[in-house]
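Could you build the full structure based on these sequences and the hints that come with them?
One line per chain: the protein sequences are A and B, in this order. Under the numbering used here, the first residue of the first sequence carries the number 1, and numbering increases by one thereafter. Under the numbering used here, the first residue of the second sequence carries the number 329, and numbering increases by one thereafter.
Calculated from the structure, these hints are not laboratory results. Please note that a few of the clues may not be correct.
[Unchecked claim] Heads up, simulated SDA-like pairs for lysine to any residue below, C-alpha to C-alpha not over 20 Å straight-line: (1) B:413 <-> A:297; (2) A:156 <-> A:184; (3) A:137 <-> B:526; (4) A:156 <-> A:33; (5) B:413 <-> A:141; (6) B:413 <-> A:142; (7) B:413 <-> B:526; (8) B:413 <-> B:494; (9) A:137 <-> B:377; (10) A:137 <-> B:379; (11) A:156 <-> A:185; (12) A:226 <-> A:184; (13) A:267 <-> A:296; (14) B:413 <-> A:135; (15) A:137 <-> B:412; (16) B:413 <-> A:167; (17) B:526 <-> B:379; (18) A:267 <-> A:255; (19) B:413 <-> A:184; (20) A:137 <-> B:348; (21) B:413 <-> A:296; (22) A:137 <-> B:575; (23) A:137 <-> B:346; (24) A:267 <-> A:279; (25) B:413 <-> B:575; (26) A:156 <-> A:199; (27) A:226 <-> A:297; (28) B:526 <-> B:377; (29) A:156 <-> B:423; (30) B:526 <-> B:494.
[Stated by the list, open to error] A few chain B residues that don't get close to chain A, going by computed Cβ distances all over 12 Å: (31) 345; (32) 414; (33) 429; (34) 550.
The model shown is predicted, which means the values in this text are computed figures rather than measured ones. For every residue, glycine included, the Cβ atom is placed at its ideal position computed from N, Cα and C.
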Amino acid sequence: MNGGEDAIEVHGLVKRFGEVVALDGVDLVAARGQVLGLLGPNGAGKTTLVRVLATLLRPDAGTARVLGFDVQHDAAALRERIGLAGQYAAVDENLTGSENLIMVGRLYGASRSSATARARELLERFDLLDAAGRPTKTYSGGMRRRLDLAAALVAKPPVLFLDEPTTGLDPRSRSSLWGVIEDLVAGGTTALLTTQYLDEADRLADTIAVIDHGRVIAEGTSDELKDRLGGERLEVRLDAGTDPLVAVQALASMSDEPPALEDGLVKLSVRERSGAIVEAVRRLSDANVGVDDLSLRRPTLDDVFLALTGHAAEEDGADGAPGRERAA
Amino acid sequence: MRRLVTDTLIIAERNLIRLPRAPELFIGYTLQPIMFVLLFRYVFGGAIRTPGYSYVDFLLPGIIVQNASFAGFATALGLNEDMRKGLIDRFRSLPMSRAAVLGGRTLADVATNALSITILIVTGVIIGFGFQVGFLSAVAGVGLLLLFGYAFSWFLAFLGLLVSSPEAVNSVGFVIIFPLTFISSAFVPVASMPAGLKDFAEVNPFTIVVDALRHLWLGAPAHNNVWAALAWSLAIVAVFAPLAVARYRRAAGG
Numbered sequence: 001m002n003g004g005e006d007a008i009e010v011h012g013l014v015k016r017f018g019e020v021v022a023l024d025g026v027d028l029v030a031a032r033g034q035v036l037g038l039l040g041p042n043g044a045g046k047t048t049l050v051r052v053l054a055t056l057l058r059p060d061a062g063t064a065r066v067l068g069f070d071v072q073h074d075a076a077a078l079r080e081r082i083g084l085a086g087q088y089a090a091v092d093e094n095l096t097g098s099e100n101l102i103m104v105g106r107l108y109g110a111s112r113s114s115a116t117a118r119a120r121e122l123l124e125r126f127d128l129l130d131a132a133g134r135p136t137k138t139y140s141g142g143m144r145r146r147l148d149l150a151a152a153l154v155a156k157p158p159v160l161f162l163d164e165p166t167t168g169l170d171p172r173s174r175s176s177l178w179g180v181i182e183d184l185v186a187g188g189t190t191a192l193l194t195t196q197y198l199d200e201a202d203r204l205a206d207t208i209a210v211i212d213h214g215r216v217i218a219e220g221t222s223d224e225l226k227d228r229l230g231g232e233r234l235e236v237r238l239d240a241g242t243d244p245l246v247a248v249q250a251l252a253s254m255s256d257e258p259p260a261l262e263d264g265l266v267k268l269s270v271r272e273r274s275g276a277i278v279e280a281v282r283r284l285s286d287a288n289v290g291v292d293d294l295s296l297r298r299p300t301l302d303d304v305f306l307a308l309t310g311h312a313a314e315e316d317g318a319d320g321a322p323g324r325e326r327a328a
Numbered sequence: 329m330r331r332l333v334t335d336t337l338i339i340a341e342r343n344l345i346r347l348p349r350a351p352e353l354f355i356g357y358t359l360q361p362i363m364f365v366l367l368f369r370y371v372f373g374g375a376i377r378t379p380g381y382s383y384v385d386f387l388l389p390g391i392i393v394q395n396a397s398f399a400g401f402a403t404a405l406g407l408n409e410d411m412r413k414g415l416i417d418r419f420r421s422l423p424m425s426r427a428a429v430l431g432g433r434t435l436a437d438v439a440t441n442a443l444s445i446t447i448l449i450v451t452g453v454i455i456g457f458g459f460q461v462g463f464l465s466a467v468a469g470v471g472l473l474l475l476f477g478y479a480f481s482w483f484l485a486f487l488g489l490l491v492s493s494p495e496a497v498n499s500v501g502f503v504i505i506f507p508l509t510f511i512s513s514a515f516v517p518v519a520s521m522p523a524g525l526k527d528f529a530e531v532n533p534f535t536i537v538v539d540a541l542r543h544l545w546l547g548a549p550a551h552n553n554v555w556a557a558l559a560w561s562l563a564i565v566a567v568f569a570p571l572a573v574a575r576y577r578r579a580a581g582g
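Structure below.
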């Protein structure tokens with residue numbers, strides 16, 4: 001049962017909460033030792049998928065295997081091999097950092113002394129040794145997330161589920177947590193990372209699955225996804241008082257699609273990078289269009305996301321965890 | 329099975345080591361019961377006739393049973409909070425016993441209940457309560473109290489998993505517990521109640537447990553109340569432990 005090549009295999013997974021279809025036939029694969037980024041807006045089904053894979057939620061249809069273990073039928077064996085860190089920083093506020101980790105270690109079946117040793121190791125690694133004896137309610141948000149992640153690592157699980165690990169963190173805590181996750185993956189851990197931050201997926205994930213309305217709508221490496229958009233993005237900021245339509249007309253034949261016009265910014269994707277800037281400047285100058293600024297860049301994941309879903313990734317930020325709330 | 333025992337003890341320990349750090353909880357287990365004993369004894373005591381007993385003798389078994397039923401609020405509120413904060417998700421993702429989170433909570437309640445019982449007995453003795461039967465009988469009474477409190481913790485565990493917020497735990501819990509404890513022999517003789525209430529009070533498990541305790545501590549006539557009290561306690565566990573565990577498994581959607 002444990003011979004599969006892939007760490008995570010999901011086929012046709014469906015989960016409904018009453019009328020709401022949270023997962024609508026998800027297919028997904030993550031190779032061992034890889035970080036699979038699950039990218040999608042709030043309510044897309046990311047948390048629900050993680051909860052199914054972490055054996056917290058039973059799917060209505062489809063199969064999901066982690067390390068070859070079926071999430072429904074081999075749940076007990078699977079739980080020995082996974083770690084879960086969620087967006088809610090699930091640590092006991094009344095216990096100290098050290099007590100939290102020791103408790104989790106013992107619940108994984110370790111003796112008190114080996115759980116204590118492991119807790120100390122993790123506290124040191126996550127830079128929490130100074131705060132180890134303080135109740136975690138005195139911790140900052142970043143410290144809690146680090147402790148939560150440490151708790152997920154207590155049993156050195158080969159597969160890690162990270163559900164929006166940096167949501168709500170300040171930039172410094174965020175980048176320190178990214179560093180920790182990168183170290184882990186360098187050590188061979190497979191991770192499923194959900195995020196609504198495109199830069200996070202871009203930096204951490206080997207492959208990215210874009211999920212929206214409970215379906216995977218695109219999958220590939222960050223570069224592959226960007227390449228799908230075809231070519232480079234040329235952006236021209238016009239001098240004040242210039243007629244943008246003249247610029248649009250001048251540049252139109254450089255692109256397969258009509259250029260977009262946004263706040264005095266002309267945007268188009270061009271087929272060829274080489275010579276594109278020179279060509280654009282020549283055309284604009286021939287048309288007597290004053291240019292304030294001009295740039296050529298690769299498409300970002302934001303562009304990809306917008307093109308795929310028709311909306312930006314972080315637009316509806318009100319509802320923290322629809323999967324959890326619907327299910328409760 | 330070994331897993332259930334060790335995991336239950338780990339969770340019980342988790343819920344007890346927090347106690348000394350939370351003064352407000354400590355006050356709940358210590359000062360509050362003392363306050364109720366004093367209020368009842370000195371405010372109502374003079375107005376309530378309890379033939380055959382002084383009011384303090386009559387009162388203490390009653391108030392101590394009521395208090396034992398409150399011990400489980402720690403479980404109800406704690407589970408509710410664990411659920412909302414994602415801690416239950418953490419536990420459910422661990423290879424631990426499915427019943428241990430509830431078992432550990434309810435076990436921790438036994439310890440806090442023991443603390444409250446001790447404080448109430450000491451307070452009672454100071455204001456004039458006296459055990460009328462032997463030492464073993466008094467100890468048996470304490471055992472019955474712990475068992476009944478434990479049983480009631482399972483009911484409150486189920487309640488804590490059922491409702492959506494700690495506020496709801498409090499309001500629903502009190503709406504259930506106050507009538508049950510007041511329409512019983514805990515504070516006044518059942519004979520003094522009007523007909524409808526009296527009928528209810530006579531079959532109320534709180535009456536049965538309180539009367540059993542009066543038998544064990546004061547030598548009151550038993551009418552098989554001790555066995556009935558044991559049976560009620562075990563029946564409450566038998567009904568609500570499986571319900572609570574089933575609810576826990578499904579909590580947050582599993």
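Q: Quick one: which hint numbers does this structure break? Sort them smallest to largest.
A: The structure breaks hints 1, 3, 7, 9, 10, 12, 19, 21, 22, 26, 30, 31, 32, 33; every other hint is satisfied.
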